[in-house]
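What follows is each chain in one-letter form.
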Amino acid sequence: MSFLRKSVHLLGSVARRQQHLKVIGGAISTAARDYGSTPSDDYANFPGARAPFVSKLNLIQPEDYAPIPIYRVMDQDGYIADETQDPQLGREVVEKMFRDMVLLNTMDKILYESQRQGRISFYMTNFGEEASHIGSAAALEMRDLIYGQYREAGVLVWRGFRIDQFIDQCYGNTNDLGRGKQMPVHYGSRELNFVTISSPLSTQMPQAVGAAYAMKLKPNNDACVVCYFGEGAASEGDAHAAFNFAATLGSPVILFCRNNGFAISTPSREQYRGDGIAGRGPMGYGIATIRVDGTDVFAVYNAMKAAREYVLKENKPVVFEALAYRVGHHSTSDDSTAYRPAEEIEVWNSVEHPISKLKRYMVHKGWFDEDVENEYVKDIRKKVLKQIAASEKKLKPNWREMFEGVYAEMPQHLIEQRNELEKHIEAHKEHYPLKNFEK
Amino acid sequence: MNIISAHSLHNYIRSNIRCSLWIRSYFTYYPTCLGTGKRMNMFNAINNAMDLALEEDKSALLFGEDVGFGGVFRCSVNLRDKYGSRRVFNTPLCEQGIAGFAIGVANTGATAIAEIQFADYIFPSFDQIVNEAAKYRYRSGGLFDCGSLTFRVPCGAVGHGALYHSQSPEAYFAHTPGLCVVVPRGPIKAKGLILACIRDPNPCIVFEPKTLYRAAVEEVPTEYYTSQLGKADILRHGKDVTLIGWGTQVHVLLEVAETAKLKLNIDCEVIDLVSILPWDTDAICSSAKKTGRVIIAHEAPLTQGFGSELASYIQEKCFLHLEAPVKRVTGWDTPFPHVFEPFYMPDKHRCLSAIHDIVKF
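The listed protein sequences derive, respectively, from chains L and A. Numbered by my numbering, the letters in the first sequence go through residues 1 to 439 in order. Numbered by my numbering, the letters in the second sequence go through residues 1 to 361 in order.
Mixed in with the good hints there might be a few duds.
[To be verified] Pulled a few chain L residues facing chain A out of the computed Cβ check, cut under 10 Å:
hint: 1; residue: F122
hint: 2; residue: Y171
hint: 3; residue: G172
hint: 4; residue: R179
hint: 5; residue: P184
hint: 6; residue: H186
hint: 7; residue: P200
hint: 8; residue: S235
hint: 9; residue: G237
hint: 10; residue: H330
hint: 11; residue: Y339
hint: 12; residue: P397
hint: 13; residue: E404
hint: 14; residue: H413
hint: 15; residue: L414
hint: 16; residue: R418
[To be verified] Here are a few chain L residues that sit away from chain A, every Cβ distance over 12 Å (derived from the structure):
hint: 17; residue: R50
hint: 18; residue: E63
hint: 19; residue: A81
hint: 20; residue: E83
hint: 21; residue: T84
hint: 22; residue: D86
hint: 23; residue: P87
hint: 24; residue: L89
hint: 25; residue: V94
hint: 26; residue: M142
hint: 27; residue: P219
hint: 28; residue: T248
hint: 29; residue: N315
hint: 30; residue: E343
hint: 31; residue: A408
No lab work stands behind these hints: they were computed from the structure. Backbone N, C-alpha and C fix where the C-beta goes; we use that ideal spot for every residue, glycine too.
In isolation and in its complexed conformation, chain A is listed as follows:
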């Protein structure tokens, strides 16, 4: 049966080509350089981290939707072949099941590495994570815990993900005592954080900005290492304004800091918060006291975004050092929209305006 071929479509529309909106990059990637290691993008580095974890710890299990064939973002590629389908496997399509199952695995002391396919789809598992994982140790007087549990969760904007493939829900989880929440900015950090989370005796969530899986490439050390949880990274030193971000936004801020220096002769200090919960109050406060001006930028909406917590803590602890109110540049208080994404993002232009304003205050 001839059911139509579309091969001539290209020729047909070639005559009225318009620039596509979708091929528009929101950030320029700033790699971290250690001067050693193997060239890897972020999904390679995460794959390498999980490979090491599965190798080292025979109790470790890796599972989630479509994880078996390598995952929709290719993070678990080849791991089922290497460690067998009893340790690396697909689950049925059910996030609450994945979370509850992971908690149970961790209850026995075995290591659970659970993937939730998109952060936008983590909400069915909210009950398990917030009411169970986060409270296990506390409510049992330390008799039981699920500390050997790590959730890996792709998150963030990609340019065309719209409402349900773009969200950054870290603030919901930051409101939950008992959880560790981290966000890597690139391959080196992703590997270190995942290995640290797996070893950490608390349930951890790693929100992985999915736009970085392929776009972020660095020389990553191939051996086992961990990145300290709860510790921010100062990526650029400056005396005038402190810029705080995490995940993809860090790269926007690094670019903005360059522009601010070049065009406005303003020295920005750029801090990757890395850990959302618990977070590095020392690093943030000492920078805030030094510069007296702080801008926080994140993709998630303004109201009750994690920037709110940082801003109130900073004003409480550094009030007399501040030269201007703490500023936030964030996504708007709307769902994450499709065609309006270029207007939604806390992009470099909005961040640069904020620097301009905070210095002028």
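This is chain L alone, in the form it adopts within the complex:
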């Protein structure tokens, strides 16, 4: 028997994004009503579940559920399939979206290369996921708080994090907002409401849920929390905690899964067997859920707008799954050709690339001038290269800062240790790279 199949056509023909969530919710309850061939009027009153009794034994199979459909606005060729879904963004906004994606892509290529040359110690690119960053960031307000994983640099680009701020962080120099403490790409900005990245996976997820809960309790709250994470990270225990806390405690948080198909080398088919991360939302945790084509910037934008509206109105979470493909290697420590075919990558790097799709849309609109855009790219390249040279020349923070920020105030034992090191360095100056650090 079919569980959700009946309602697939409903999901497939979502007419308006405002209705989208409602329809998914409706589909689930339809499924519940359809349970068993002779549904009983008699609902059980177990504290653990309210559901009808049936008299036929039925082992529910995953296949009984139709997959949650993928919301898409724009096709591969940049045409909008259903005009009602056109977000009607003005030329300026679309141009900013495009240019921010191009900026991210350009910066990624150069910084990746600069790691290969030993200029910075590490880097992670965002190739193939530009639309999910920009589309989601564009639908938010600056007051919304972001918890990222580590591959969301586009969100920062949209919010106005500058090229010099990115590159200074990668160099850990004296202008790095993180004060040289963390590896490259561990960005953070108080001003832009973007909590500093931490390498351990999924740790940010329950934190985001807690932050959202606290924000909900503030009078006249009109800000939500967005938590980005990968489909691999969703396997961690913290992910379960986050989903469950968000649902039971009612946190206005958007749990944004960037499902890019890979956790380092592990493909998503080895990461889970259910219907992606979206599949966990409605039935698994009782959370409203949206799944979108993460290479379609307008789909991400529309869905994010709807999600934001929902979480703030209802004070409930949303599970948001953006499907894309990690076009780059996991990081500069990885060579992904060891575990996936180059031809597969090429498809996602060309016809399916989010920047290509948006470009085609702009071409149809008559908003794309090849020469102007080439100039823009050239200009960005120049700026990034110039900034690399400048950031490289800047000194690192004074080495004594190593002892700062461990506690709000430096305790005695750390003062002693700092003094000990000071004495040691004074006596052995020649062995330490002091010239690279501020005095």
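For chain L, the structure is supplied; the task is to place chain A on it using the hints.
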């Protein structure tokens, strides 16, 4: 679509090249020589050990994040092809799952070799390891155990790993009765310890200093052998000062011992502790009694680092033989920092100063 190429970056910045901080080695590797075997680096030797274990014991399973394609440090390379994906496989990304799953495998008597990708990421599995693995035999009155379980965990500084790719968390686990904790200093030892841990009837953790995977090369015997658990190695004999370390730090101490002899005419005895839990009290105490001066060096922070345990045990058992207080040279009591790593490490200069000070005491 032309999405920018970066090929001219090199030319652009070539004119203002600065010496990169990242290409800076913290230690010089001192190989162990047995005079026989095949040239292997540490990941080759670990691969060879696991190959032998999987070959010999049909119940043995090898798993962890990205283990299938060879692991991010290449330790399991080709083993899935050789033994099949039912025995060598990727797990979902979940350390607590890996640890719990491994315990369950071992409960049935099958052998579990579980990789936690980085020691920095072992903490979600702390509950499973500390409350379950370590206590299984004790709490069940010997009815159940998970002794056929071995965790392999890359650890330690690499020069640019910062907070979450550098830590040496051996002391957290040394605080847990029921576990065996070991740290190899190179390929020969790594292979012997892994095979010993797999055979040992207790749950074991092998912390593998990841900077040694490629940098450490030795002639490794190709046949099956084990290195005794709980036993330290005296790598250099000396009468003046005892230097104790493990993992990468052993190589720093060997170099420092050479320098101390050359520049200060001080004879250092260098001991690789090898086993953190249980540890070789006899070897340490007899050396401490002989030299009367002991320095312990480790990358982990000072406070409650394993050096604390050694120091208090030594003063308790060897008090009347000591000529100076036991000294510790360690990472500072801060998180492991990125650009400040050269100032954080218990490097050869700090170790040499400590020798100087302890002799002058």
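Status of each hint after checking the structure:
no., hint, in the structure
1, F122, "6 Å, holds"
2, Y171, "8 Å, holds"
3, G172, "4 Å, holds"
4, R179, "9 Å, holds"
5, P184, "8 Å, holds"
6, H186, "8 Å, holds"
7, P200, "6 Å, holds"
8, S235, "4 Å, holds"
9, G237, "5 Å, holds"
10, H330, "9 Å, holds"
11, Y339, "5 Å, holds"
12, P397, "7 Å, holds"
13, E404, "9 Å, holds"
14, H413, "6 Å, holds"
15, L414, "6 Å, holds"
16, R418, "8 Å, holds"
17, R50, "31 Å, holds"
18, E63, "21 Å, holds"
19, A81, "21 Å, holds"
20, E83, "25 Å, holds"
21, T84, "28 Å, holds"
22, D86, "22 Å, holds"
23, P87, "22 Å, holds"
24, L89, "21 Å, holds"
25, V94, "16 Å, holds"
26, M142, "28 Å, holds"
27, P219, "37 Å, holds"
28, T248, "21 Å, holds"
29, N315, "29 Å, holds"
30, E343, "18 Å, holds"
31, A408, "14 Å, holds"
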